[in-house]
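With chain A fixed as given, assemble chain W onto it according to the hints.
For the record, the sequence lines run as chains A and W.
Residue numbers for the first sequence, in the working numbering: 422 to 535.
Residue numbers for the second sequence, in the working numbering: 1487 to 1600.
Each hint should be verified, as a subset may be incorrect.
[Said to hold, decoys possible] Pair by pair, the computed Cβ-Cβ distance ranges are:
hint	chain 1	residue 1	chain 2	residue 2	range
1	A	VAL450	W	GLN1527	20 to 26 Å
2	W	GLU1568	A	GLN530	25 to 31 Å
3	W	THR1506	A	GLN466	24 to 30 Å
4	A	GLU436	W	VAL1582	36 to 42 Å
5	A	LEU439	W	THR1524	30 to 36 Å
Derived from the structure by calculation, the hints contain no laboratory data.
The C-beta atom is built at its ideal place from N, Cα and C for all residues, glycine as well.
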Amino acid sequence: AQSVTQLGSHVSVSEGALVLLRCNYSSSVPPYLFWYVQYPNQGLQLLLKYTSAATLVKGINGFEAEFKKSETSFHLTKPSAHMSDAAEYFCAVTRTGGGNKLTFGTGTQLKVEL
Amino acid sequence: KAGVTQTPRYLIKTRGQQVTLSCSPISGHRSVSWYQQTPGQGLQFLFEYFSETQRNKGNFPGRFSGRQFSNSRSEMNVSTLELGDSALYLCASSLVQGVNTEAFFGQGTRLTVV
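Chain A with its partners taken away, still in its complex shape (with noise of 0.2 Å):
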């Protein structure tokens, strides 16, 4: 079974630093992983995903996430931080033959401070 765990269930920053959203991943084969977003009251949005094609993803709004298989790690990283970033942020697996059932990490909620 696929797993994530994502540190940090809140995480906060000031705007134009960096932003660094953690998440590792549990897999006995090869994993698709993906990071969402969702602001209050609205649905899930995908920012990125990873499907072995290159381990340097780039998503929308500026955020890009490295796979690391020697760290089972799949981190989000955003150079700089605006306002508009902050929002609940999920981590989620899902394996070759297994459709579109994805598995969520618990999430990070992230604030951005002036």
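Frame of chain A; chain W shown alone:
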């Protein structure tokens, strides 16, 4: 192109009642998945339908059921509602079934059981 539409957006039901939620996927999308989101359990997979057939099922009791119609629209039903069923129910649609396809989420139906 219209996104994933979930109706109703908000719903209040009494314990013991049943409820039906609706999801209209993006035009042309054939896979529909359902998720339950609660503060305590996070995002949990309910089931996935593709071409009117249930392809995957999560660990939920039989009170939770779903179906998909020939036009890919999907409904989920919860019978004998319990207080713990209060949650945001999210529907996601994908073009086909498979890990390389992006799942587009609706805004969800907020169900409150009193």
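Now the hints, each set against the structure:
Taken as a hint, the range 20 to 26 Å holds for the pair A/VAL450 and W/GLN1527, whose Cβ atoms sit roughly 25 Å apart. In this structure, W/GLU1568 and A/GLN530 meet the distance hint of 25 to 31 Å, their C-beta atoms being roughly 27 Å apart. Take W/THR1506 and A/GLN466: their Cβ atoms lie about 26 Å apart, and the range 24 to 30 Å holds. In this structure, A/GLU436 and W/VAL1582 meet the distance hint of 36 to 42 Å, their C-beta atoms being roughly 40 Å apart.
In this structure the hint that A/LEU439 and W/THR1524 lie 30 to 36 Å apart at CB holds, the actual value being about 31 Å.
Comparing the model with each numbered hint stated earlier shows that all of them hold.
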